[in-house]
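Novice: Those protein sequences? They're chains A and B, same order as listed.
Here the first sequence is numbered in the working numbering, starting from 2 and rising by one per residue.
Here the second sequence is numbered in the working numbering, starting from 5 and rising by one per residue.
FYI, nobody ran anything at the bench for these hints, they're computed from the structure.
Every value quoted in this text rests on a predicted model; they were computed, and no experiment measured them.
A portion of the hints provided could be inaccurate.
What the hints assert, rightly or not - Some chain A residues flagged as far from chain B (calculated, every beta-carbon gap over 10 Å):
no.	residue
1	44
2	117
3	119
4	151
What the hints assert, rightly or not - For each label pair, taking beta carbons as the anchor points, the in silico distance ranges come out as:
no.	chain 1	residue 1	chain 2	residue 2	range
5	A	69	B	144	40 to 46 Å
6	A	33	B	96	31 to 37 Å
7	A	146	B	84	49 to 55 Å
8	B	144	A	11	18 to 24 Å
9	B	153	A	140	43 to 49 Å
10	A	42	B	136	50 to 56 Å
11	B	134	A	134	19 to 25 Å
Here a beta-carbon is modelled for each residue, glycine too, at the ideal position from N, C-alpha and C.
Residue-level listing of the chains:
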Amino acid sequence: MTAESTLTAEDVAGIHDTLARFAHVFDNDEIANLDRVFTDDAVIENTIGGGYTIDGLASARQFTGRRSPDTPDHQTLDIVLLVDEGGTVRARSRYIATLIDGEVHGGDYYDILERTARGWRIKYRVSVPRHPILDRIELPAEFAEAWRPTAANVPRFARD
Amino acid sequence: MTKVLSPVDLAEIHRTLALFAHVFDNGDVAGLDLVFTEDVVVEIGVGPARAFRGIAEFAEYTRGKSAATPDHHTLNTTVEVDEYGQVQARSRYLGINPAGRLTGGEFLDILRETPAGWRIAYRLSLPRAPRQPEAGVTKVEFPLPVRLSEVVAP
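Same shape as in the complex, but just chain B:
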């Protein structure tokens, strides 16, 4: 069955992605459930370098982040329905750190529509800049060849 996303779905998905910046950057732990599913898995970097399983683990990370953590801005979002009917979004993020310098990278998200609205069920965050000369960036297939049932907490 091919899922068709309406303009309203897309507007709500974009808003969910935008909410991440406001909720996370302000340490608004109570607002995380407007962004993520309860069983969300967030992976940062390849390997991954860090992983958070479930909204409670990510809330702990949100609470403990340093004041020097860059602010996040999400842009260039493209949304696709993958072969399993999962809704995936690929975005760029720009971070601004307290020195006024930029960081940048990718957010690769799989979203699920819950009764309360669209939520991120899986996020892979891949830093791109700054990076060492000749290091290159991590390239991933999009849509991600990932099935939510295999990656999210049971």
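Pulled out of the complex, with its shape left as it was, chain A reads as follows:
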């Protein structure tokens, strides 16, 4: 079964722009522009170390305002958009983080996107480190299942 064509080229471009914007906004401490990336009720998690959860845009602003100047930069690539039976739009992508000493870390972003009046925004994100192997909390094995690409959730994009 092929997923329904619910995403247009405009949607795809809008979502890619939002995911790219994260790096520019966050890495440059543009606290006021975080609403161009996340929904007001966004939940942002990371499994690195002991893991953490940021609940809501106001908390994301505080978190960004407190971050160390030595925080790595983020590059987002290999974006794959998935649409489930209920119409939820997910993105699975990779990040490459460049550390201040030139080392690189890579990992997965698992996102849920929402179409808002402001445009496509990230409603949920969890970052999961891959290489190098870092201390991290393990997500349940079934967690990634909703982001596993299949013929059913990888839609042809809508054509005019």
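Given the coordinates of chain A, work out where chain B should sit on it, guided by the hints.
Specialist: Just chain B now, kept in the frame of chain A:
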């Protein structure tokens, strides 16, 4: 006949190339048919050093890869329609190995639009870095002077 690729075609082609990383790096053998045609030929290195004919051979390679295999990231993709009407993509890949070191190279792909979407029918993967001093990189003509009918499994 000149094929014209629409923005939707390009978005789907980019997604197919992105899917490779998620499917292959996670050993998701069931997902390989979202990336490749059944008769895909994958060649790695010049010569080529390694070749896989058909999705079943590549699935075996995917299953057997070591945990130390670098993760793949595909970027700098440019898409062209060649003189035979074939759709070719030239990309770079960046690999990150478990030590946090980078590898890099080129993916040269010929894609085919199937009823299920755009799939890679031929891939030539050419490592570029790391390499020995003075070794240089392998330079290939793009679009590849290759006709799918001559390289893919019958």
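Novice: Next, verify each hint and record whether it holds.
Specialist: Against the structure, the hints:
1. 44: holds (22 Å)
2. 117: For residue 117/A, whose nearest Cβ neighbour in chain B is about 21 Å away, the distance exceeds 10 Å, so it holds.
3. 119: Per Cβ check, residue 119/A is outside 10 Å of chain B; nearest 22 Å; holds.
4. 151: Violated: least Cβ distance 7 Å, not greater than 10 Å.
5. 69/A with 144/B: 40 to 46 Å: Check passed, 44 Å falls within 40 to 46 Å.
6. 33/A with 96/B: 31 to 37 Å: Check passed, 34 Å falls within 31 to 37 Å.
7. 146/A with 84/B: 49 to 55 Å: Violated - the Cβ-Cβ distance for residue 146/A and residue 84/B, about 37 Å, lies outside 49 to 55 Å.
8. 144/B with 11/A: 18 to 24 Å: violated (35 Å)
9. 153/B with 140/A: 43 to 49 Å: holds (45 Å)
10. 42/A with 136/B: 50 to 56 Å: holds (53 Å)
11. 134/B with 134/A: 19 to 25 Å: holds (20 Å)
Of the hints listed earlier, those the structure fails to meet are numbers 4, 7, 8, in rising order.
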